[in-house]
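*Asks:* Residue numbers (the working numbering), protein chains in the order written: chain H, 1 to 412; chain G, 413 to 640.
These are computed hints drawn from the structure, not numbers from a lab.
Take the hints with a grain of salt, since some may be wrong.
Calculated lysine-lysine pairs in the BS3-like style (CA-CA distance at most 25 angstroms, straight line) [as the list claims (entries may be wrong)]:
id	chain 1	residue 1	chain 2	residue 2
1	G	477	G	603
2	H	331	G	638
3	G	603	G	638
4	G	509	H	314
5	H	173	H	117
6	G	423	G	477
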Amino acid sequence: MKKRIPILHHSIAQPLQYLHDLWRDIWEGVRSQPGRTLLSFLAVAVGSVSLTVLVAVLNGLEQRSTHLVRELGFNVFAVVSSSDRRTGEALRERDVQLLQANCPECGVSKVRRYEVKPLGHDQAVGVLATDERLAAIRQWTMLQGRFLDAGDVARRERHAVITEAAAKAFRWKTGDLIALSDVRFKVVGILQSTDQGVAAGSEPALSGGRREVYIPDTIPPAWSAGSDDGDRVDVVYVRVPDAERMNRLVLRTQRLLLTRKSREAFLSWVTPETLLGNVRRLQRSIRLTAGSVTLLSLILGGTTLMSLMVANVKDRVLEIGLRRALGASRKDIAALFVTEACLVTSSAALLGIAIAHVGLLLGAESAGLPILLDWKSAAVPLLAAMLLGVLFAYWPAGMAANIAPAEALRSE
Amino acid sequence: MNASLPILEMKAVEKSFPTPTGPVRVLQPTDLEVKAGDFLAITGPSGSGKTTLLMLAALLSRPSKGAVVFDGDDVSSKDEAWLCRHRKYRVGMVFQKFCLLPHRTVLENVLFRFRYLDHDPDEARTRSLEALRAMGLESKVDQPARLLSSGEMQRVAIARAVALPPRFLVADEPTGNLDRESTLRVMDCFKRLNAEGLTMLLVTHNEELLNYCSRHLVCRGGALQKSK
Ligand SMILES: Nc1ncnc2c1ncn2[C@@H]1O[C@H](COP(=O)(O)OP(=O)(O)OP(=O)(O)O)[C@@H](O)[C@H]1O
Ligand SMILES: [Mg+2]
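Chain G on its own, in the form it takes in the complex:
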């Protein structure tokens, strides 16, 4: 694997949203290059457009202007089917709002990662339990997700994302609700996966975590800047 090959490139990407008072530009023209094997951190004040940027990076939305290039393919030239395929196997995201199915158990929530994949149920189960163990949730496997604490919910969401690791994982404040011990556990997991070839893009408010990362950018007012 060539480590210098970019897995994700953003070229003059802009994102605006229509509002009742006219379109609002949330992302200013932004360039970003994430190389395969990178562990990139983005910090920045609330409302600066980090989640918006991650949605673009995770192929969950399309830019208003500019180009998002994933693995050499310009996303704007690709159709729905291509996006679906990539979301299944290549890009994953840990959502800021967890997005758990509240009535299903912890294990079922993690198994949901495999819902749209051709998979062997036994292997999916093994992988899901493994991911939950890595998050320290082995005792909560059969508990309905709605009864979890928010820190636990956050770890279930992470377990779901890493049960079948994609090539490129985008994590939106994955440790925002976690205590120190759990935070380190999660970061160790990410670090290990990164060493195994996973490319990471992490948004965080926790300066301490920057030690884990190979690169650090700051998002301010919808634009990315080098730190310091």
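Isolated chain H (complex conformation):
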């Protein structure tokens, strides 16, 4: 008969006990190597700051690019005319008809732009003479009321649709009569703003979030002295049926409109690609520069961590022997050191993430960088730090696990 060792009973305090034991074990290592621990802590914290900033900026740029595309409208490109008063060169009504006739699969809408001071206001508002198709082509949604319809355009109804920004700035509501110069228009709808100024500085003819009034382009512009302005077109928006046909249709419209060399001077094409070009370039260079700084500091953190762990293992050989003699498995020993490394790196990461978030919240505006702080800007650096901990503690932990207990217990 084998004598049984009294089996002790579990209790509710078990998880607490476990955490306490774990904390004591890890503290043993931290106190045995305070200098090295601090060093690897700092290196990982710095790496986490730069990784957080990197993720936040890349996030911000990604957000900016989706805003830019959304602002233009998905699968939309624009032909922008910067009409030249001296030569009288401009995009004309017949150009639009040419496009419509040759691109039957596309939606085409045109805009003519004026700056007008509403009666009783000092600030000018952008008045955009357009057709009923514009809202659908650019996928706008209405905040209130409706967009201009075919009837408005055909019957030259003095109806106006205003942007949210204009409604706010001039305190206009649907149903109001607004006076543009001395012509009165009835507000029939308010457009939901597509953007909160994220794209400020992008193509002016395209920016949403502006104070604008849309009116039927069949109404003669009483505020415009120049009479030959009548069939000038400032922007043509073309919506292609799907993204694949975008490039082909851009090329086709270029062939149709750039009939003379001189037209290249004032006609430009704005496509999602040209809009995103700048953002993509910025993303690439940031990823490269900030990315390599981040990588370097994380690798530096990793190597100091590894030297910390090696020193730690060497310092604690006797303790390792004792643990093994008391029943710890190789895995327990390896886990001890990996956990310790992970705790050092993840607490350093938490500090770095916190510093970066506070810094970005306070200073992002002035840096002029688009910043987006979300779960990713915290989770990515934290996961990276934990991975770093596991990766660089793996070998020292394996070394610790392979120490023979009898040898360890002989060591001084």
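Following the hints, complete the assembly by docking chain G with the ligands onto the known chain H.
*Replies:* Relative to the frame of chain H, chain G with the ligands by itself:
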């Protein structure tokens, strides 16, 4: 419990260590049988291989040749998990070098016995305090281990081993640093545990302690001999 059943058998066990000048055989082919309930003492000159032998007996190392049989199981056929399980509950060792965690208190050092066991913290505490009292250390409970005298350290190491007594306890010169009074206290504790069923294997230089033991062997040049 059948007292004649061996708890530990060593059959032609050898142990050699690799050194820069080639392997050195520290233990010559050695046979040893420890029966359940035994209180066996081993004496012998320094460097004769006593600690090496105890490490084998405490399942902390494996023989280079021969077989170590614990409780009927040949250790060489068993894996890590088996060894870990046995080290948790069945074999314990009092180390010649104490092996205390210097920054932890006396009580925490004794509680460390339970670190890898499923245990009730309250019961572990009660048992640890009891063991410390038996060693006459109740006033030092909260003192960091590094500030103890070596005699006190030695008694903490013993308290740790007996806080949850295993079936088989191996003690490597447990009284080497102790005064007479403490030595007797420790031996009384061992004797009591032995009477309760604990099997003891004791290495000592103190001839006086042989009175406590049921058997006595001498280790000389890596081989065990009957005394006289
Ligand atoms: N890992 C090892 N590598 C090489 N030699 C070793 C190793 N371990 C022990 N030895 C040698 O084995 C011999 C016996 O050592 P051991 O510690 O068993 O002696 P001991 O009888 O316990 O001595 P003491 O009474 O002084 O404690 C010593 O000469 C020692 O140098
Ligand atoms: Mg020895």
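*Asks:* For each hint, tell me whether it holds in the structure or not.
*Replies:* Structure-based check of all given hints:
1. G:477 - G:603: Violated: residue 477 (chain G) and residue 603 (chain G) sit about 33 angstroms apart, past 25 angstroms.
2. H:331 - G:638: violated (41 angstroms)
3. G:603 - G:638: This hinted pair holds, its Cα atoms lying about 22 angstroms apart.
4. G:509 - H:314: holds (17 angstroms)
5. H:173 - H:117: holds (18 angstroms)
6. G:423 - G:477: holds (9 angstroms)
Hint check: violations occur at hints 1 and 2; the rest are consistent with the structure.
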